[in-house]
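4 protein chains.
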Amino acid sequence: MTLETPRDHCGVFGIYCHDEAALMTYLGLYALQHRGQESAGIVTNDGKRFYFHKNMGLVSEVFNENHLSRLKGNCAIGHVRYSTTGSSLLVNAQPLVINYYYGTMAVAHNGNLTNANELREKLERMGSIFQTTTDSEIVVHLLAKPSFPNKIDRLIYALGEIKGAYSLILMSQEEIIGIRDPHGIRPLVLGKLDEAYVLASETCAFDLIGAHFIRDVEPGEVVIINENGIKSIKPMPDTPHKFCIFELIYFARPDSFFFGKSVHTVRKALGARLAKEHPVSADIVISVPDSGNSAAIGFASESGIPYDRGFIRNHYVGRTFLKPNQMIRNFSTKIKLNPLKDVIEGKRVVVVDDSIVRGTTSKSRIASLRDAGAKEIHMRISCPPHRFPCYYGIDFPSNTELIAAQHNLDEVARFIQADSLGYLSIEGMIEAVGGEKEFCLACFNGDYAIKPECGTTKEILERNNSTVRL
Amino acid sequence: MTLETPRDHCGVFGIYCHDEAALMTYLGLYALQHRGQESAGIVTNDGKRFYFHKNMGLVSEVFNENHLSRLKGNCAIGHVRYSTTGSSLLVNAQPLVINYYYGTMAVAHNGNLTNANELREKLERMGSIFQTTTDSEIVVHLLAKPSFPNKIDRLIYALGEIKGAYSLILMSQEEIIGIRDPHGIRPLVLGKLDEAYVLASETCAFDLIGAHFIRDVEPGEVVIINENGIKSIKPMPDTPHKFCIFELIYFARPDSFFFGKSVHTVRKALGARLAKEHPVSADIVISVPDSGNSAAIGFASESGIPYDRGFIRNHYVGRTFLKPNQMIRNFSTKIKLNPLKDVIEGKRVVVVDDSIVRGTTSKSRIASLRDAGAKEIHMRISCPPHRFPCYYGIDFPSNTELIAAQHNLDEVARFIQADSLGYLSIEGMIEAVGGEKEFCLACFNGDYAIKPECGTTKEILERNNSTVRL
Amino acid sequence: MTLETPRDHCGVFGIYCHDEAALMTYLGLYALQHRGQESAGIVTNDGKRFYFHKNMGLVSEVFNENHLSRLKGNCAIGHVRYSTTGSSLLVNAQPLVINYYYGTMAVAHNGNLTNANELREKLERMGSIFQTTTDSEIVVHLLAKPSFPNKIDRLIYALGEIKGAYSLILMSQEEIIGIRDPHGIRPLVLGKLDEAYVLASETCAFDLIGAHFIRDVEPGEVVIINENGIKSIKPMPDTPHKFCIFELIYFARPDSFFFGKSVHTVRKALGARLAKEHPVSADIVISVPDSGNSAAIGFASESGIPYDRGFIRNHYVGRTFLKPNQMIRNFSTKIKLNPLKDVIEGKRVVVVDDSIVRGTTSKSRIASLRDAGAKEIHMRISCPPHRFPCYYGIDFPSNTELIAAQHNLDEVARFIQADSLGYLSIEGMIEAVGGEKEFCLACFNGDYAIKPECGTTKEILERNNSTVRL
Amino acid sequence: MTLETPRDHCGVFGIYCHDEAALMTYLGLYALQHRGQESAGIVTNDGKRFYFHKNMGLVSEVFNENHLSRLKGNCAIGHVRYSTTGSSLLVNAQPLVINYYYGTMAVAHNGNLTNANELREKLERMGSIFQTTTDSEIVVHLLAKPSFPNKIDRLIYALGEIKGAYSLILMSQEEIIGIRDPHGIRPLVLGKLDEAYVLASETCAFDLIGAHFIRDVEPGEVVIINENGIKSIKPMPDTPHKFCIFELIYFARPDSFFFGKSVHTVRKALGARLAKEHPVSADIVISVPDSGNSAAIGFASESGIPYDRGFIRNHYVGRTFLKPNQMIRNFSTKIKLNPLKDVIEGKRVVVVDDSIVRGTTSKSRIASLRDAGAKEIHMRISCPPHRFPCYYGIDFPSNTELIAAQHNLDEVARFIQADSLGYLSIEGMIEAVGGEKEFCLACFNGDYAIKPECGTTKEILERNNSTVRL
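Protein chains in written order, with the working numbering: chain Y, 1 to 470; chain W, 1 to 470; chain R, 1 to 470; chain C, 1 to 470.
One thing to keep in mind: the hints can contain errors.
Because identical chains cannot be distinguished in the list, a pair is counted as satisfied if it fits within a single copy or across any two copies.
30 Å max Cα-Cα, derived DSSO-like pairs, lysine-lysine [claimed, not checked]:
{"id": "1", "residue 1": "K234", "residue 2": "K451"}
{"id": "2", "residue 1": "K375", "residue 2": "K363"}
{"id": "3", "residue 1": "K72", "residue 2": "K192"}
{"id": "4", "residue 1": "K276", "residue 2": "K341"}
{"id": "5", "residue 1": "K192", "residue 2": "K234"}
{"id": "6", "residue 1": "K151", "residue 2": "K122"}
{"id": "7", "residue 1": "K375", "residue 2": "K122"}
{"id": "8", "residue 1": "K276", "residue 2": "K151"}
{"id": "9", "residue 1": "K375", "residue 2": "K48"}
{"id": "10", "residue 1": "K341", "residue 2": "K151"}
{"id": "11", "residue 1": "K276", "residue 2": "K234"}
{"id": "12", "residue 1": "K451", "residue 2": "K276"}
{"id": "13", "residue 1": "K437", "residue 2": "K48"}
{"id": "14", "residue 1": "K261", "residue 2": "K375"}
{"id": "15", "residue 1": "K72", "residue 2": "K336"}
Since the hints were derived computationally from the structure, they do not count as laboratory data.
Sequences and hints are given; from them, build the entire structure.
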């Protein structure tokens with residue numbers, strides 16, 4: 001799934017009381033890089049001062065040895081961010097660091113508030129000024145309101161105001177606080193590295209630094225880590241859990257664990273279930289690398305059709321300045337993936353991928369397989385058709401661009417020119433991922449736990465924002 | 001006056017309704033570059049959106065053709081900034097652009113508030129968050145307070161709160177507003193370029209773009225420029241004018257005009273008066289280039305002693321990474337100025353400069369003249385001794401480092417090893433600059449029009465700021 | 001095979017008479033990026049002038065739109081280069097462009113001369129000066145010798161002087177010439193894009209630009225492409241072919257074709273043969289991604305043991321400044337590959353890779369599988385043990401660092417702590433790749449077709465070079 | 001003299017046996033920066049290896065602390081270079097460092113060979129290849145010819161081949177050699193810093209590092225500095241000396257000494273003589289800063305008309321991307337110099353400058369003085385009219401662009417719109433600079449000591465060069 005990819009907004013990381021806090025945060029963000037490639041930032045504090053550095057670019061581009069050595073202190077939080085072009089601004093890079101009445105505070109946020117507009121207007125009406133277009137700035141404004149003398153009370157007040165999806169890590173001079181919204185839409189996990197507590201969007205961040213996983217931060221939970229150890233409160237009313245199932249299908253790294261299983265294992269199960277729902281007589285199963293790899297193995301294993309590599313990926317794609325369709329047929333496909341002619345030629349091929357968004361990439365992918373001599377091409381998608389926008393932090397194309405929102409199965413198959421097309425059913429998907437948990441399925445079925453104001457938060461904030469930073 | 005130079009904080013520029021607003025602002029800042037070399041920024045608006053770009057560096061480094069073409073719209077304001085190392089932060093670069101309840105606003109500020117700390121605390125107590133350590137952020141917080149529905153009322157309220165030195169240019173979607181504090185400490189001039197009104201710190205900015213000077217913005221005046229033309233109000237109580245005399249002695253460009261005379265002409269008069277107050281029998285008059293050039297010509301003309309070049313300036317000094325005293329005797333002096341041996345040798349030399357701050361540069365300068373064979377060296381300074389700190393935007397070294405605050409004339413002369421030393425008297429200075437106006441003389445006589453809280457504003461804001469951006 | 005990887009020196013590309021010569025060369029180099037990531041360069045000519053740009057970095061970093069538009073003309077050659085640190089110099093980047101008696105000439109070279117030292121001394125004795133440490137400079141010196149008035153005669157003279165491995169592309173105002181050494185050690189292929197002829201190190205470059213493969217440039221062949229079309233001469237005596245088998249095992253992209261088969265298909269055959277030679281009772285077959293992927297699929301298919309993903313690769317490794325062993329156990333392994341715990345845990349695992357060089361990476365890889373709970377680990381290598389250095393362009397560690405040159409099978413197995421270890425036999429390897437061709441097997445059996453002077457060419461040239469460019 | 005300025009090619013520096021060789025060379029180049037702002041380079045050697053760094057840009061931009069610390073060894077040579085756009089190539093930056101039969105050699109060159117083309121053809125005919133378009137590459141080719149086993153013999157052979165203007169500094173492992181052409185066209189001075197010998201283009205380089213001046217390297221002299229001390233030979237036949245008089249008039253820094261006098265003192269004498277030759281009744285004498293400053297003081301002093309500042313220079317002009325004539329009348333003048341209105345207004349003004357090249361700058365300068373209210377403008381030039389090209393290293397515009405080559409005095413005066421115009425006579429110039437020495441006056445009288453081949457060397461080399469590096 002490339003070039004028309006849905007995009008998550010962020011990965012977050014925090015560590016309390018470790019001698020190499022900045023380095024561990026750097027590594028944690030390194031492991032979470034797939035969650036955001038636009039900007040990266042780290043804030044540390046040494047109990048007295050806060051030190052921060054953030055910039056546009058990959059973690060490996062933003063930080064060097066010199067930066068890390070100057071990020072002093074044994075507490076740190078970090079953030080990687082993705083965002084669409086309009087708001088790709090350094091000013092929006094996180095974590096946000098602010099000074100307010102009670103001191104200094106840093107915030108890293110993954111997710112999207114659904115009442116951002118309303119809150120921002122309310123705050124502005126009281127005289128607040130805004131320098132970014134992020135929801136994080138709304139959160140810190142709320143936290144800075146001197147409504148209550150006690151920090152936790154102020155936090156509870158702020159959480160009472162915001163709605164939507166949020167996994168937040170806050171850092172003050174004294175503590176680090178991890179918060180997950182009541183529905184638990186975005187992930188947040190708790191671990192330990194020697195004596196230090198760590199928080200991260202995914203467990204893969206723990207693996208790299210050698211931390212061990214303790215447990216998920218629970219939906220609606222506020223975890224406060226300070227010199228007295230760890231304390232947990234649940235200040236918000238209980239509400240059904242709605243973990244974003246698309247984290248399992250697409251976003252999360254295959255080696256991250258949720259609910260006790262690796263994402264890879266879950267995706268193999270999705271692929272196996274897909275083979276049961278949409279069997280086909282074929283010679284080989286191939287995947288669209290790397291997003292379809294796990295599901296393809298599951299499909300092959302269940303169906304008994306041999307798995308092989310059908311595409312070779314160019315690992316140096318990087319940032320070419322070439323326009324997708326420049327000059328060369330199927331260029332946008334070929335620059336990244338080249339079909340293996342002698343694997344494909346004369347074969348009936350099952351191609352497994354994790355989603356179809358606009359359909360143009362799949363179409364071009366299939367065309368390149370035909371060029372390579374495929375006899376039949378059977379497209380299998382390891383989730384149901386995407387029909388609805390996400391208001392909780394995933395940046396799908398608008399409804400009118402989602403091919404499955406506009407067309408039925410046959411039309412999609414005809415558009416992408418597959419000999420057959422099969423999507424996993426909603427029931428099949430839920431069963432494969434482990435039926436007992438509650439998931440947010442809104443992008444498949446339109447059933448939203450939290451009604452958004454109107455449009456996605458980003459759209460709203462951007463709409464109100466009349467500022468363009470070059 | 002080098003390496004121990006007092007430093008002003010800013011130059012500001014604004015233009016209303018010109019087809020090439022961004023280009024004119026670029027050129028205006030170019031001409032005002034001497035007022036701040038640390039960062040530069042331009043904000044434009046096209047009636048709908050605001051466009052801005054700012055960065056660390058000189059105007060010629062910060063902007064390229066591409067930036068200017070993307071800074072759309074026919075209104076613009078710009079800013080150049082100087083600041084000491086601790087707070088040399090991009091985040092502090094101006095103009096500041098914010099979104100608030102009534103829209104978007106940009107602010108460029110030259111000067112220093114004397115009650116910044118008090119105001120900031122008051123604002124934080126009401127829930128404001130601060131992302132910079134500039135007084136401009138305080139100003140916009142005040143302007144954003146929804147105290148009154150009418151913009152001008154809100155502005156009057158904000159001006160009623162702030163104390164100190166400020167020449168401000170504000171830009172909203174509809175207008176550009178120029179404001180000068182009631183004492184008129186920092187300069188702000190009004191001009192016209194074809195049909196467009198322009199505001200700038202100094203008239204030299206008008207010369208470059210071909211604008212003509214109309215008049216000074218008066219102390220305490222608020223000039224509102226919009227589609228209805230220009231309107232002026234004076235919402236603040238009248239108070240004695242206190243124009244910073246050091247603008248004339250040192251800061252302003254020699255070709256800028258104040259009170260109808262060029263700064264060069266004023267400095268020649270200072271030099272002539274100096275010759276009368278401290279006559280000496282000598283062979284040549286030389287200046288410390290370029291700061292002493294004008295006064296030296298006045299001194300030579302009045303005294304009848306021939307003027308000659310005594311030092312040659314290296315025009316490529318730029319930013320060397322070398323430490324001032326590295327290895328080589330009088331290095332810090334020689335890297336910039338080399339004495340002309342065959343001019344100096346065997347001569348009785350009058351050296352004219354515009355100030356002595358710590359004394360170390362003068363000492364080293366005099367030593368290099370002795371090395372070049374000077375028989376006698378008579379130092380003449382075109383202003384009185386600096387004895388007191390400035391709270392209105394000039395970044396003198398602290399009191400304990402000002403040599404004249406700690407030592408009498410003889411001690412200073414002995415320290416710098418001059419054969420004689422003469423400072424201009426306060427009376428002589430006032431007479432030479434045109435006695436009738438009122439000036440701020442606080443750095444010479446300690447007579448402060450506005451009492452500061454405690455320390456300079458920058459010190460206070462920095463002190464409260466526990467954040468270090470790498 | 002990471003962090004202790006053998007490294008090839010170059011990829012070359014050339015195109016004669018295409019309207020988008022620079023763009024096609026850019027794309028060709030893009031596809032050949034795996035052959036050299038240190039520097040990239042393109043030279044074009046429009047029949048009158050030569051235009052070139054080269055720099056350190058990846059193709060996508062070195063070139064932008066502006067460069068391509070200024071690389072005028074419809075002929076172009078390009079080069080990507082790898083080299084060890086000592087000589088990572090811009091001055092060494094290729095293609096080399098020189099002016100000489102007969103005009104201008106550009107050269108791109110893949111391979112290593114074995115008599116570089118001798119030739120350089122001979123040339124210097126005649127007064128030649130050298131500005132780089134590349135063998136390409138030797139080649140152009142020879143070509144510039146005015147030994148014969150006719151260009152082809154001069155070329156034949158030069159080819160008569162040089163020994164070793166070389167795939168060369170030359171460009172003059174009039175033509176492009178592709179040359180392959182008599183043994184055919186390095187690859188060079190010929191293709192056509194519409195009316196334009198193209199030359200490249202591998203066929204994958206043709207796929208991306210939509211060119212079709214015509215044939216290999218044959219060992220000892222000189223292909224001259226000019227306005228009269230294409231002409232081929234074979235000026236050198238016939239000699240046994242010695243194609244570098246390591247191109248098939250490791251270097252070439254899996255989607256490149258040699259001898260009518262994709263490299264992926266060859267590697268699957270190597271893996272299948274490996275399964276026959278070293279069968280083992282196990283639960284899963286995994287690969288070390290991506291180098292072992294194809295062989296692992298072959299092994300799984302032959303053995304009937306299921307294939308699964310055992311490691312997840314971090315696609316954003318990029319250029320971290322971290323030292324391999326910094327602080328964290330198995331860090332050098334984990335930064336790139338993270339084992340999938342729930343796939344590995346409790347299993348008997350076959351791990352397929354394409355080589356063991358120093359052994360330290362394999363050891364660390366196996367340790368991380370043990371940490372993930374593997375019950376047994378059986379290492380299988382899809383080629384024979386590396387025991388001898390390469391003098392023809394592959395930058396293996398020195399003999400004393402090649403673990404198999406110093407230790408027998410049991411010792412290696414013990415060092416890497418595998419439960420069992422199996423290398424493919426030389427016979428098995430030859431049979432799997434298609435026995436009928438002649439290959440250079442020197443790194444496995446020490447049987448060198450061309451005896452080197454003493455040390456690798458790079459070592460010799462560097463040794464003689466007393467110049468250090470910062 | 002701006003924007004249409006003649007440009008010298010280089011400044012050179014060398015130091016033998018100093019603990020801080022690289023740092024001293026850095027400072028020496030710093031002081032010589034006015035001789036070339038395009039590229040800078042330093043080569044050092046520690047008796048075994050050569051270390052070098054060069055790049056496009058000013059000395060302060062090209063080098064940082066890290067570079068200097070890595071430029072090891074106690075011998076060093078350095079170079080600053082100017083050149084016109086076409087050949088502004090890094091590849092042409094000096095010093096040139098090459099490997100040849102007898103070891104390694106570095107060369108820094110100031111001047112222009114007049115038989116470069118002929119020599120290059122001759123060398124190419126023998127098989128030499130050229131990678132730059134500089135004459136220095138010709139020099140090293142000649143030095144590398146194994147014509148004689150002894151280095152000095154090879155040097156004498158090479159000097160016997162080359163014709164034209166050259167001040168050369170060579171460095172081998174064992175020694176540093178300074179060479180000046182038999183006519184002594186370009187300067188080269190010898191000094192001592194503690195025990196170390198230093199060579200430089202001008203004495204101002206000695207002042208900065210605290211070295212003392214010993215003597216000029218004489219025309220035709222070869223100074224060899226090695227562990228045996230200093231030795232001098234004169235291998236070339238004696239010939240009349242022809243020191244470039246334009247070094248005194250324009251190029252050299254005012255604080256550099258030639259023939260026992262500072263350049264400033266010489267220029268004052270030129271100005272005084274000019275006042276005698278072209279007296280005028282006027283109110284003030286002003287200069288075009290900074291090039292006319294010294295001559296203006298001389299003119300004022302001789303004529304008794306008061307000297308004043310008429311223009312204020314913007315010290316931050318730097319590199320603006322604006323086109324000279326963009327939009328604004330007299331922009332190209334005003335961006336750099338702003339007239340002082342209250343000095344100029346109503347006055348009869350004598351403007352002293354050091355040359356008129358194309359005339360357009362003078363015209364625009366005079367126009368801006370008229371705008372400022374000047375009553376009369378009398379232009380005085382401190383040298384004779386430029387009528388002929390320079391073949392020895394100064395990059396005047398071509399003959400057809402030199403206004404005085406095409407027009408008589410009256411026509412020039414009318415073109416620049418001066419009320420009167422006076423050039424210094426050749427006799428007056430010679431007398432003022434000290435009549436007894438022999439000077440090259442070719443640019444004034446067309447009397448060339450060495451006949452060039454055809455066109456300037458650069459033109460010839462560029463013409464033959466069909467290579468464009470982006």
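Comparing the hints with the structure gives:
Taking the closest pair of Cα atoms, K234 and K451 come within 30 Å of each other only inside a single copy of the chain (23 Å); across copies the shortest separation is 50 Å, beyond that limit. For the identical chains of this complex, K375 and K363 are intra-copy neighbours only, at 16 Å inside a copy versus 44 Å across copies, given an alpha-carbon limit of 30 Å. For the homomeric pair K72 and K192, the shortest alpha-carbon distance inside one copy (21 Å) is at most 30 Å, but the shortest distance between copies (48 Å) is not. Taking the shortest Cα distances, K276 and K341 sit within 30 Å of each other both inside one copy (28 Å) and across copies (26 Å).
Only within a single protomer do K192 and K234 lie at most 30 Å apart by alpha-carbon distance; the minimum there is 21 Å, versus 63 Å between protomers. When the C-alpha separation of K151 and K122 is checked against a cutoff of 30 Å, the pair qualifies both within a copy, at 22 Å, and between copies, at 19 Å. For the identical chains of this complex, K375 and K122 are neighbours neither inside a copy (61 Å) nor across copies (60 Å), given an alpha-carbon limit of 30 Å. In this homomeric assembly, K276 and K151 never come within 30 Å of each other (Cα to Cα): the closest approach is 54 Å inside a single copy and 68 Å across copies.
Proximity of K375 to K48 under the C-alpha cut-off of 30 Å is found in neither arrangement, the shortest distances being 68 Å within a copy and 49 Å between copies. Taking CA atoms no more than 30 Å apart as the test, K341 paired with K151 passes in neither setting, with 63 Å inside one copy and 40 Å between copies. For the identical chains of this complex, K276 and K234 are neighbours neither inside a copy (42 Å) nor across copies (60 Å), given an alpha-carbon limit of 30 Å. In the homo-oligomer, the alpha carbons of K451 and K276 never lie at most 30 Å apart, since the shortest distance is 35 Å inside one protomer and 60 Å across protomers.
In this assembly of identical chains, the alpha carbons of K437 and K48 never lie at most 30 Å apart, being 43 Å within a copy and 48 Å across copies at closest. Taking the shortest alpha-carbon separations for K261 and K375, only the inter-copy value of 19 Å comes in at or below 30 Å, while the best intra-copy value is 37 Å. Taking CA atoms no more than 30 Å apart as the test, K72 paired with K336 passes between copies only; the shortest distance there is 27 Å, against 40 Å inside one copy.
Checked against the numbered hints listed earlier, the structure breaks hints 7, 8, 9, 10, 11, 12, 13; every other hint is satisfied.
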